[in-house]
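S.K.: As a plain string of letters, each chain reads:
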Amino acid sequence: MKAVNIAVILLLCSLTFVVANSLSLTAIIDDVIEKTENTDDNEVNLKETYEKICSEFESKMTYISLTVNHEDLTSVTDAFAELIGTLEAEDQTSFVAVKSRLISSLKHIRRLAGINIDSIL
Amino acid sequence: MISIFARTLIIYILLMITMKMMGKREIGELDVTELVGALLISEIAAIPIDDPDLPLLNAIIPIIFLLSLEILISFIKTKSNFIKKKIEGEPSYIIYKGKIKQDSLMKNRITINEFLAEMRSQGVCDITDIEYALVEQSGKISIIKKDSGVMAHSVILDGDYCTVEEKENADIKTAANETLKAKNLSPGDVFLMTVNDNGGFNIIKKEKKK
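Protein chains in written order, with numbering that gives the first Met the number 0: chain A, 0 to 120; chain B, 0 to 209.
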């Protein structure tokens with residue numbers, strides 16, 4: 000009976016963690032996507048804006064890396080680094096492409112982290 | 000490299016705790032759910048050791064989930080004979096009162112060659128010496144020779160009727176009910192009831208819970 004009680008507790012704890020983690024990860028990624036998409040690409044301090052978004056994302060990296068594939072995380076941090084690089088080089092064409100790639104990487108993580116049929120399949 | 004070392008150690012400790020809690024028996028005695036659980040756990044455990052890019056929790060959470068599931072299913076099996084029968088199955092006769100049941104052999108996917116090999120490995124030289132042969136839930140074949148004495152067949156296990164032999168099932172069940180009625184018992188009161196070839200019933204009542 001003791002083992003059964005432990006099993007029920009473990010089951011409930013793991014289910015709670017999985018659901019809570021999924022919801023919080025989704026919220027974090029949604030926040031980054033929203034900030035990235037809503038940034039005015041014509042503003043003066045664009046580089047500082049993206050550096051701020053990137054550092055906010057990196058501050059939560061330890062928590063995100065608990066359950067997100069490190070390769071997926073690396074693709075996001077690489078995209079941020081490239082984006083800031085294109086802004087420094089004032090390469091508008093590459094900036095648009097890299098921004099699109101960044102948003103795509105973030106949406107990929109969001110899709111897999113969320114509670115939906117895609118994450119199961 | 001240190002991360003692989005640490006991950007291996009964590010997964011190893013987790014598996015030790017998991018296997019201890021699951022109370023594993025020898026491989027040959029595992030039922031379907033236990034075998035599936037053991038296979039899955041071993042596969043999942045290897046993944047984060049093999050691929051450092053994958054988070055450790057991607058293995059820990061499924062292992063904990065499988066452990067919980069396994070313990071809960073084991074508990075449910077003790078409470079529900081129906082579930083237990085569906086998961087573990089029942090022993091089935093392939094020789095009953097000296098007669099080979101060819102349909103049972105086919106149902107259990109045992110060829111006559113396999114049966115004869117098992118027979119010889121148990122020291123039986125002639126199939127006509129066999130009174131009963133059963134395929135147990137574990138897949139092992141039990142052979143009872145004609146000179147082994149009177150065989151007792153299970154009628155009630157833990158409050159539930161089990162199949163003795165299809166043709167005689169109804170007669171045995173009727174006789175068992177009459178015996179229980181005479182003793183003011185119901186099938187739910189019985190832990191084990193057996194019937195021997197002479198038609199004698201043996202009853203072990205369930206112990207009252209303290």
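Hints are not guaranteed to be accurate.
[Claimed, not checked] Using C-beta positions, here's what the derived DEER-type ranges look like:
#	chain 1	residue 1	chain 2	residue 2	range
1	B	D49	A	V95	30 to 40 Å
2	A	T76	B	I82	41 to 51 Å
3	A	T76	B	A5	15 to 25 Å
4	A	V7	B	E113	13 to 23 Å
5	A	L11	B	G88	47 to 57 Å
6	B	A45	A	F16	43 to 53 Å
7	B	L14	A	I116	24 to 34 Å
8	A	C12	B	A174	26 to 36 Å
9	B	G97	A	I116	49 to 59 Å
10	B	L34	A	F16	24 to 34 Å
11	A	L22	B	L29	36 to 46 Å
12	A	V7	B	L184	48 to 58 Å
13	B	S79	A	H69	35 to 45 Å
14	B	L71	A	H69	28 to 38 Å
The set of hints was computed from the structure by calculation and includes no laboratory data. Predicted, not measured: the structure shown is a model, and the values here were computed from it. We put the beta carbon where it would ideally sit given N, CA and C, even for glycine.
S.K.: Would you mind marking each hint as holding or not holding in the structure?
M.R.: So, going through the hints one by one against the coordinates:
The supplied range of 30 to 40 Å is met by B/D49 and A/V95, whose beta-carbon atoms lie about 38 Å from each other. In this structure the hint that A/T76 and B/I82 lie 41 to 51 Å apart at CB holds, the actual value being about 49 Å. A C-beta distance of roughly 23 Å is found between A/T76 and B/A5, which places it inside the suggested range of 15 to 25 Å. Checked against the hint of 13 to 23 Å, the C-beta distance between A/V7 and B/E113 comes to roughly 43 Å, which is inconsistent with it.
Judged by the Cβ atoms, the range 47 to 57 Å given for A/L11 and B/G88 is violated: they are separated by roughly 31 Å. Checked against the hint of 43 to 53 Å, the pair B/A45 and A/F16 fails, with Cβ atoms roughly 23 Å apart. In this structure the supplied range 24 to 34 Å holds for B/L14 paired with A/I116, their Cβ-Cβ distance being about 31 Å. At roughly 52 Å, the beta-carbon separation of A/C12 and B/A174 lies outside the given 26 to 36 Å, and the hint is violated.
Remark: the range hint 49 to 59 Å for B/G97 to A/I116 is upheld by a beta-carbon distance near 58 Å. Taken as a hint, the range 24 to 34 Å holds for the pair B/L34 and A/F16, whose Cβ atoms sit roughly 28 Å apart. Distance hint check: the CB atoms of A/L22 and B/L29 are about 37 Å apart, consistent with the given range 36 to 46 Å. The hint said 48 to 58 Å for the Cβ distance between A/V7 and B/L184, and at roughly 34 Å that hint is violated.
Between B/S79 and A/H69 the Cβ separation comes to about 44 Å, which falls inside the hinted range of 35 to 45 Å. Range check, B/L71 to A/H69: about 33 Å between beta-carbon atoms, so the 28 to 38 Å window is met.
Violated hints, in rising order: 4, 5, 6, 8 and 12; the structure is consistent with all others.
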